[in-house]
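Q: Guided by the hints, dock chain B onto chain A, whose structure is given.
Here the protein sequences come in this chain order: A and B. Take 1 as the starting number for the first sequence in my numbering and just add one per residue. Take 1 as the starting number for the second sequence in my numbering and just add one per residue.
By construction, these hints were calculated from the structure, which means they are not laboratory data. Quick caveat, the model's predicted, so the values are computed rather than measured. A portion of the hints provided could be inaccurate.
Unchecked claim - No more than 35 Å apart at the CA atoms, straight line, and that leaves these computed lysine-lysine pairs for DSBU-like:
#, chain 1, residue 1, chain 2, residue 2
1, B, LYS200, A, LYS374
2, A, LYS351, B, LYS119
3, A, LYS330, B, LYS119
4, A, LYS335, A, LYS351
5, A, LYS307, A, LYS330
6, A, LYS330, B, LYS273
7, A, LYS71, A, LYS330
8, B, LYS318, B, LYS273
9, A, LYS374, B, LYS158
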Amino acid sequence: MIGITGYGGYAPRLRLSRKAVVEANAWFAPQFAGKAKGGRAMANWDEDSITMAVAAARDCLGTGEDRSHVKALYLASSTLPFAERLNAGVIREALRLARSIDAVDVTGSQRAALSALSEAIAKVQSSGGSALVLAADNRKTRAASAAELDYGDAGAALLIGSDKVLAKYLGSSSVTVDFVDHYRLAGEDIDYVWEERWIRDEGIAKLVPEAIAAALKQSGLAADKVDHFIFPTTFQKLEIQLAKTCGIRPEAVVDNLSLQIGDSGVPHAMLMLAQVLETAQPGQNIVLAQFGSGAQAFVFRVTDTIKSFRPKTGVTGWLARGVEETSYTKFLSFKGQLRLERGMRGEQDKKTALTTLYRHREAILGLVGGRCTKTGKIHFPPSRLSYTQGAPQLDTQEPYCLAERKGAVLSWSAEYLSFNMSPPHYYGQIDFEGGGRILMEFTDLSRGDVDSGTPMEMVFRIKDIDEVRGFNRYFWKATPLRASSTTVSE
Amino acid sequence: MAKGIKDKVAILGMGCSKFGERWNASPEDLMVEAYNEAMADAGIEPEQLDAAWFSTNMDDVGTGRGGTPMSIALRLPNIGVTRVENFCAGGSEAIRAAVYAVAAGACDIALAVGVEKLKDTGYGGLPTATVGTYIPQWYPNAVAPANFAQLATAYRRKHGVDAALLKRAMAHVSVKSHANGAKNPKAHLQKPITEEQVLKAPIIAEPLGLFDCCGVSDGAAAVIVTRPDIARTLGKKDLVTFKALQVSASNGWEMHSNEWDGSYFHTARIAAKRAYEEAGIRSPREEISMLEVHDCFSITELVTMEDLYFSPEGGAVKDVMDGFYDADGKLPCQIDGGLKCFGHPIGASGIRMLYEMYLQLQGRAGARQLANPKIGLTHNLGGQPSQNVCSVSIVGLEDV
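Chain A with its partners taken away, still in its complex shape:
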């Protein structure tokens, strides 16, 4: 049996108040008054599709160090940070997956995640092992557009395999048609979109039922036996209309998280699925479909094993962690659409020596320190000579990953002097449980969240952005350990 063996999600902590956006733009776009409901997930300045995919993957894979069962990695996104440099390759380093895996970037349409899922299933069918499907999007929209209000930023993860299957793969189908509802030329930031009514009536309403019908047929499942119907869309109630067209019961329609997260794009069907799986019952049938240059649909059946798995935080956990953000200018600044005065300190060169990055990629991208086999002491960064006072040891360190370990603040400050995208700039010394210390930056926090002794966990983030040469530098940051998150401790 092949199917889903793990799942996870991720939504950034900040939820931009739609009311704040609508009010800020009311002078220009009063037609959006009706959209002033709920919040949309908003990536922090140091998040992108790579970092959100890593967060979702960690939600799915948990804190165990052995990830050798993962034989393939698919990263789906319409907003991959790098056009050249394998984005999935960065993630492989961050997750410390085996170097022998297949790692693939999948992009080009809003159903890229389902294309990746299809590849993952085929990979497991042909080669065994597990395949990790990650999806994330951090889309840019024009200020005062409907998309700005409708979209949200998120990531999702599915592990496909044949061991302890939580939801059995029954069938799928793909329809590829060059229906251009929107497009974005290479190098452009923002989509160009055609008329909504045409997209809805001639596009989604015709292509999606075709894909669903074929998937159900291949699965040998009657439409009225579907218990969860997942179809992300920004059109009001369109998913209910589609269910009706397909013969799926209306109560099977899954909430699309529009009020809490917004439409996250490529990852959204997987994100909704990850939430459904948290409470799905054995024997239930799930259909998920997405639209984009055609349509694609999958059918899964929940197994008796479903309760054996819990994501580390889970979509419901991420939803609960949301903090309302009412600053529209912060959103525009984080999205790179409003350039705030940075002062001369903002001119500091962020050139990354790629030779140095390569030499130290395990420490930088994987947060791998060195554990002295003689003394047991942890070193970050790893070094040939250990610091053991009075008796430095030579070449005794073995790789020791700190990414999944809890820490606590030893000392900290928050300063207003250096340029930072989200001042004040927090950093301090983190002492890890089991040993190890790093003076590092903090992220995702509010005033009063940290003090000496505050428990912290690690998140993979953008460290610096080199605007001159166009490069993102990634590293790990500390964030307060929040409810519903668990990490290994020794």
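A: Only chain B this time, still in chain A's reference frame:
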């Protein structure tokens, strides 16, 4: 332990430029200002100099690298000029090199000059410095105030000190230094301040406010050293000699192990112990007459009082609040205003500290002259609490 340099080398002459925002003075001008004073004080000609050491820290502002900026600015007679750099402790390193050269007998007379021209950056605070190609890929884009502010968070936790009390003790440190700086015509900042002003100042790096941070200044300082017998031959009396010169550099223990608690300077304790041993000082709180410490931030000075074994561990807050380190206290600290008010032209600061000790010991400190000082200590720190180099020097009258 080696025999050390106690009383082997004496100060022949010293000079120090006015510190401050010297908008119209180049680093070369500042060096000339300090050098001319030192040469006049020493009463020698350039040809009598055997070798020179040059301390400057910043590569991107100021003079540029190498020994030639100093050699050319001062038109030195083609002697060896070597640039030394050890973060903010470079000035002390230049002194150490010159003193060691004389103590070794390789030179009769040696010169050390430190200079920094910080006010060509276009913004306040220290310039951002490059740190190689690896560190920027993981280490925070940190600034000095936040690095040192972390001492306060760790000190509070270790000693259970109330945040408001520690903030007030830090304020007392700055109020004291401003009162001292007001009596120093060469100081960058010469206005007294009140505790209320300090407490209400905008936060730079929690919990440090504006007045918890030292001045960022242009300036230069110079010292000429020689053997005591040569100094006497040149007609010098009341010689000020070096009793101890110690430097301790972090080896990663603080930053990478889990053993250091973040509330003190490991290197300062090591350098201080070695310096007291070298100088033969058994009870520093009783035997030292005065201090110039590296008060880059008020919290640095406060914890340093414990690291140098003047206050007991956890006892600096009480000593500071009691006025123990005030100008009229038992152990005056930063009598010239310190980094806080005299200013902090990085490469010059270690020599500037020595300049005040020299003037005080010779009874030449004017309005801020202390009564009968015998032994002075300078503490010059480079880097930040978890990774630094720390210099502790002791000087005194020759017969003490």
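Q: If a hint holds in the structure, say so; if it does not, say that too.
A: Here is what the structure says about each hint:
1. B/LYS200 - A/LYS374: 52 Å, violated
2. A/LYS351 - B/LYS119: 25 Å, holds
3. A/LYS330 - B/LYS119: The given pair, whose Cα atoms are some 32 Å apart, holds under the 35 Å limit.
4. A/LYS335 - A/LYS351: Roughly 21 Å between the alpha carbons, so the hint for A/LYS335 and A/LYS351 holds.
5. A/LYS307 - A/LYS330: It is violated: about 40 Å lies between the C-alpha atoms, which goes past 35 Å.
6. A/LYS330 - B/LYS273: 51 Å, violated
7. A/LYS71 - A/LYS330: With a Cα-Cα distance of about 40 Å, the restraint between A/LYS71 and A/LYS330 is violated, given a limit of 35 Å.
8. B/LYS318 - B/LYS273: 23 Å, holds
9. A/LYS374 - B/LYS158: 30 Å, holds
Checked against the numbered hints listed earlier, the structure breaks hints 1, 5, 6, 7; every other hint is satisfied.
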